[in-house]
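Novice: Starting from the given sequences, assemble the full structure and let the hints guide the process.
So the protein sequences, as listed, match chains P and R.
With the first sequence counted from 1, adding 2 to any position gets you this note's numbering.
With the second sequence counted from 1, adding 2 to any position gets you this note's numbering.
Check the hints yourself; a few may be wrong.
Restraint-style ranges between C-beta atoms, simulated for each label pair [claimed, not checked]: (1) 289(R) / 156(P): 19 to 25 Å; (2) 196(P) / 10(R): 45 to 51 Å; (3) 311(R) / 334(P): 52 to 58 Å; (4) 314(R) / 297(P): 56 to 62 Å; (5) 192(R) / 404(P): 31 to 37 Å; (6) 308(P) / 12(R): 30 to 36 Å; (7) 289(R) / 374(P): 53 to 59 Å; (8) 483(R) / 477(P): 45 to 51 Å; (9) 377(P) / 69(R): 44 to 50 Å; (10) 407(P) / 69(R): 31 to 37 Å.
Derived from the structure by calculation, the hints contain no laboratory data.
Source: prediction; values computed, not measured.
Ideal Cβ placement from N, Cα and C applies to all residues, glycine included.
Number of protein chains: 2
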Amino acid sequence: MTQTQETEYQAVSPSDFFYRNREIAGFSNPSRAIYVGVREILENSLDACESAQIPPEIYVRITELSSSGGENGTAVYLLRIQDNGTGVPAEEIPACFAQVFYGSKYTLKQNRGTFGMGGKMTILYGQITTHKPVIVTSSTGDEIHEYEMMMDIQKNQPQVLRHTTLANEKGWCGTIVELQIEGDYPRIMSRMIEYIRQTAMVNPYADITFIDPKNRLYRFERGTTQMPPVPLRVKPHPHGIDVETLRRMLLITKSRDMKNFMMDQFQGVGPKTAEKFLAFAEIKRETKPPNLSSDEIVKLVRAAKDFQEFYRPDPSCLSPIGPDLLETGIRKELGLTEDDFIKTVQRPPATYSGYPFIVEAAVVAGPTVRKIGQGITLYRFANRIPLLFDESSCVTYKVISKDINWRTYNVQQETPLVVAIHLCSTKIPYKSVGKEFLADQVEVEKEITNAIREAARDLRIFISRSVKMEKQKHRLNIFSKYLPVIAEFAMRLGEKTDMPNIKKLLNEILVVNLQEEEEENGNGEENGNRVLPPPEEETPEVELEEEKIDGKEDK
Amino acid sequence: MTQTQETEYQAVSPSDFFYRNREIAGFSNPSRAIYVGVREILENSLDACESAQIPPEIYVRITELSSSGGENGTAVYLLRIQDNGTGVPAEEIPACFAQVFYGSKYTLKQNRGTFGMGGKMTILYGQITTHKPVIVTSSTGDEIHEYEMMMDIQKNQPQVLRHTTLANEKGWCGTIVELQIEGDYPRIMSRMIEYIRQTAMVNPYADITFIDPKNRLYRFERGTTQMPPVPLRVKPHPHGIDVETLRRMLLITKSRDMKNFMMDQFQGVGPKTAEKFLAFAEIKRETKPPNLSSDEIVKLVRAAKDFQEFYRPDPSCLSPIGPDLLETGIRKELGLTEDDFIKTVQRPPATYSGYPFIVEAAVVAGPTVRKIGQGITLYRFANRIPLLFDESSCVTYKVISKDINWRTYNVQQETPLVVAIHLCSTKIPYKSVGKEFLADQVEVEKEITNAIREAARDLRIFISRSVKMEKQKHRLNIFSKYLPVIAEFAMRLGEKTDMPNIKKLLNEILVVNLQEEEEENGNGEENGNRVLPPPEEETPEVELEEEKIDGKEDK
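Specialist: What follows is the structure, given as structure tokens:
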């Protein structure tokens, strides 16, 4: 039994755990590390601005301090990220930035931040690669507080090395994070810029300045100051409740009986619904919440999943981009022209296990897209975050490659196409802490599929139209090439001296062609801004089975 | 600034964090939940047996207790998993099973368990879906201890409801875990059985009995009692060290100076290497470890990454399956025959960021494989765990679909082929806590590619050989069809009465054909058990760039 003695049992702190397994938070190598680092802090900055309806002004600077030399070609960089957001209350700063599992993201609310991990992991990674402290400067409007800190990883505690309080005459509000990190910027450069570009695409009200290690300045100016509504915190929806959450709520609630408990603590439950539901769940409405037995708790949770008469989860807490802003953003960043096809749609709110979500989609085609390349280019966004890595494991990829039958839309394998998806929700179903791809929740997959179908509906017309136009051009070229010759020949033959007017003739041909087309396509002119009822072959909607979903990848 | 007030800061416990984000541990839906649950506990059982060199006898039973009814079609199941491993010391049981971030997996050692999370997450998920306690019965050889426990998720503490000590006349050693969990077994059934089948494939010394909810018994008997060597804990390799680890080691070491510190605390460092290295790192060998300045710490870590004269990381701590056992397992589970091609290879130990690893691969082709289906079927194993989900995000998938040029081996798109990969390491580069796919560490990707190339080397001969055989069969059929007719005709013509001996003729044809072939293929007879030096076109080996790796998935 010597082996048993050998076995060594120990507890590790949360930061220690993520320190040992940093790759699961996205820090899998030096180039990913600096990418994720910038990304996480930038996203916190955007959250901090939006929560106060302040049009974000973000300043990101990466400075190379020293090449670590050596074969692995990494270097030490100084990251500086500044925002004009709400700022963090002085007393919260140390824990917020240097204690894993502490923060403001643990609420039911649309946030870019989901795990409340990114900022800390960046600081942690910076510390374990450079052993330098992080400097956080922040103000909520009163004095400016500057903290110099290290993390005690084993204890998961902030170590404050210096705390300075500065006067704040100008009433500055915001946060500045400065840290050193070892990374490999050259390898990730193109992705980093693409990431910021796409961020600008879906945050058109944000001003973003980026200065890279070669001192190149990238400026992304806001296209509008119109802000999306502040995402609100919401009560949970009964459909998504689990035993643990319910147990906790029952212990702290002030509601005097179960009927009031259901009404006070959940969204979408009025007095009638409360009574109906409790009857359905076979629980006395007079029961005092703390007196619910564990069997009753389980019964209630089960019933809540099956009861069909709750209102849908409240989408008021969501802030989608909106079809117009999405179109603006895409037109701006892709530089679309009149000749391009773009259709943006927003689906009605839906829900998966009690979390409300909205899917928005855009489909773009035409000459400009042709320049981007053949086949489908996919842009993925979740709560306004661009997702750039692990595309093939993302449910959106599955939808465009497997669920959608592109032939329906005259789209061939090589047809150049841009598809953009934005999912917003109080809980994005990320498959990993790295926040790069979405798990295939059945309801989400369904909505994404339908969004693309809706956006692609008029694509068929546009494509056949442009194909026809190509043909016509070709035909016209031939005419305009030979008509003059024929005309001249005819002129000589008839011993005339004045050429017949060919232009007129050519124009007539053009007109005729276009008319033909109109008759075929009906008012195809509107170029895809109508909403038609779905064609027959599309409904019934995608039915998706778990097994199939899991099964997909393997042979 | 109302928003600032609104912002709510709070700390959550580790279990609370994973409770809120259970999908990142693989518990993304009811069918995945029961799959992951069984898997995690089964893997802990296998670890517990191997660490004591006990041929595992594992008993898994899933009993349906009650259908929760309702539309979502889930049910409550009782999981019971029993092993004959080392058992867990009584005093460790509560924390080991009901406290996140506590356990025996936090050491540098080849383990199936990596994060020390799976068991707890299963118990946690069971609790939040059924609110029932877990029952753990275990003995290290003395008394048998039975614990009935719940998790206090908010405090991340075990709550012991009952602790009974029983006599242990038979000196039983092992662990039994019993818990209730809500899940959807029917949807995951095929995967569950496939998982256990593949587990048997790479653990041929294990006896596994599985009884499913329909009371069907699946028996996987061991093919051998020969056990792999016990994986040992090892000292870290300097190449993989980071500032934090080094700092911790410097604080607790008893070594009197840096030279001894390097020799005592790291593997692969003798007195000469220690001196050479410290000179290279510009650190005085007499310096007392605790007196190293943080700049020196950083300098030492950088130097350790670049210094080329350390011994390779020590692979003695790894326990690969071995080409023969791997072949046995695959032959057994796929039911291969004489006519099939199988080649298994084991690569020499390699290392990524200081962790030793070994890649083993098998390539299988032939009639039996044809039954499995067209194209490549990929089996993925990591430290003897079969990986069944998210194949397309796994580096192994990337290798077979992008890095290997199959034409080199006469393999066409539709050629039926089985490729099996086993990676064993003290640290498997999992991309998520769900342990389903491997991150693309450059060195690992390189080794996998070379392993497959080595295994596939004689495939070309086998395939062209079988293609030719097909042709020959066809030719022979024609001969044997017409020769008799011709013979009889000739007989009549010559007014003879005795038929010429056609068999002889046919055999001759056959012989000739085979000879032809020999001449072309050299001693192709050996049917793929030789090791040739790599053909020219294969070396230089795959060069892989970070950008390319990340870039792969997206357009």
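Novice: Hint by hint, work out which the structure violates, then give me just those numbers in ascending order.
Specialist: Of the numbered hints given earlier, those the structure breaks are 2, 5 and 8, listed in rising order.
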